[in-house]
Amino acid sequence: MAITGDDALVGTVLNERYLMGERIARGGMASVFKALDQRLDREVAIKVMHRGLGDDHQFTQRFVREAKSAAKLNHRNVVSVFDQGTDGEVTYLVMEYVPGNTLRDLMRAEAPMPPWRALELLEQVLIALSAAHAARIIHRDVKPENVLITPDGDVKVADFGLARAVSAATTATGGTLIGTVSYLAPEIVTNDGVDARSDVYACGAMLYEMLTGFKPHSGESPIQVAYKHVHEDIGRPSAIQRGIPPYVDALVARATVRDRDQRSTDARVMLQQVRSVQRALAAGLDDDPELVADLRPGARVDEDAPTLAVPRAPIGSALGASASASAVTTATAAGDEHTMQWSSHPTPPPSVPIEGAAKPAGLHPPMTREQYGQVTSRPHSRRGRNLLIAAVVIALLAGFLSYYFTVLRYDETPFLVNSAETVAKDNAEQAGFEFKVTEREFSETVLAGTIIRTDPDPGDKILPGSTIDAVVSKGPDRVYIPEGNLKGMTIDEATAALGQQDLTLGEQNQAYSETIAQGLIIRAEGVTSADPLKRGDSVNVRVSRGRQPIDIKNYEGQSLQTARKALQDAGFTVTTNEAFSDTVAEGAVVSQSPGSGQGFKDDTISLTVSKGPEAIPIPSVVGMKKSDGRAALEAAGFKVRAFSFPGAGNYIIQRQVPNGGDTAKRGTTVTISPL
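So for the sequence shown, the numbering used here puts the first residue at 362; every next one is plus one.
There's no promise every hint is true.
Result set (DSS-like, lysine-lysine): computed pairs, CA atoms no more than 27 Å apart in a straight line [as the list claims (entries may be wrong)]:
(1) K822 <-> K786
(2) K848 <-> K786
(3) K1026 <-> K972
(4) K848 <-> K962
(5) K914 <-> K972
(6) K962 <-> K914
(7) K848 <-> K895
(8) K835 <-> K848
(9) K835 <-> K895
(10) K1026 <-> K986
No lab work stands behind these hints, which were simulated from the structure alone.
Required output: the full structure, derived from the provided sequences and hints.
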């Protein structure tokens, strides 16, 4: 099988320099390939324009100018442009190769994101756009697919100027709008000019999606979404995700206000506003009225809202079908949204014969003058003519009545699906119908407060003045674990409590706890009572093993300082008392209680500390015979040193040192003499 399209480029060499590798992305305007710059021996990314763009001479000239302009941006948060060229019918752009994922990939994994995380990513996008706006470069196609994230977490913005080049080439010939519809500023849709505030709007739309997990507007066709950007405000993120502070709502509102005169003037201004909000989040503020007042846009005047270039018509009508059919998009994966082009001047619907209408009876080809004369000359010709006319009138009337009762007296049910409830009600009443909400139900795909379906269905026949019954979305069906995160519950109690919310008990991981009794739940893991969960989700818990035992080490004979520090570091409380000891040095531990086994944190361990030997009175032996005095002193625990001389024998003691009655520690030496 022959390889056609983009795949045919793999393995080729563009301009004898760039060896084309695997295709790594495909969008509505171009495909991106990983390639090797053989001249500089480095990996690059090459964006190849799709046929129909790259083979237009005017587009190529404009594309070259825009590539040169983007190449002037030298910033760490901007994907660098290295080269641009054409090779035969291939028009390409050579860019820095950025390994990693796109913001779209990250949003699939993490959205809805906490405000701090979403603002952390948006901050780097705005830093890149600030550099571009300072250089008078407008991106025009800010979207998650154009925000690249490296493995180190750095953010880089790609495709500066590309949308402008494509727009210039296409609008010159077909009145075609270029842009990614979910992030398209109203002024782009209405062809009122583009400036830095259009990029700000796209950033606000991306922030809304990061915070909620939903695109700002939804519809069955790009033209419906574009219509909503012009005629409907983007809602508050907190209406979908609880816990988002009002000042974050105000930041989104300021960036996405439809009147761009009220919008942040450029990325640098929005960056300052983002950093103000980040400071409020870091301070843990639930609300900051002054910051909200600074950020919130002024009153909006809907009567002055610009009109979409495509006429408003039900999707079932020929006009709606024409507008929808003019959209062109190519997606690589579910959820990706690429730059689109659609006609701002839809082709009028062709004339369509009405099926089922009665044809007039009795009509004949026109008569000649001679035939007419023959008829009028016949008897009763006037009566025959009258009967013929009556038959024709009756047939026409029957056909008209049939057409009226089957077709003409009916209107088409307007398309209200995916519109906000208030907008749907206004549109229905303006079209001459009654509007009634008959049911509200949960939906994983339709935003809260918007229409899921109507009865009759859009485009179905309906009598003027009839009631359109609508089912309104309550948003995703989410439940919450009990307050307190299941702390202190038994396994059975937690299972029952979660079951009431259609949740199940998951893994039961064991851990010691000093405050929660053994067998009771310490906490739910990875989720709190403020986190929304889907019905049927499982909740993992950490279960207490009771207090953690601590081995008791014996420190008898060691210094008090060493013993006290070691026991306190282990988690024990230490008490001390003192006692005399003839065997343990002063200041060392004589005894420890308990001296072994296991204890628990804050248990008390008592240490007895040596005061050294006890001092006792020295017996008086003066006047005693030497042998008796020695015996008395030794019996009291003292050592004896006796002076003697020849012939003295068992003399009478006349002197002792220390004196009798003094105190000294056991083992002290007492000297006795006869003089």
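**Prompt:** Which of the listed hints are broken here?
**Reply:** Structure breaks hints 2, 8.
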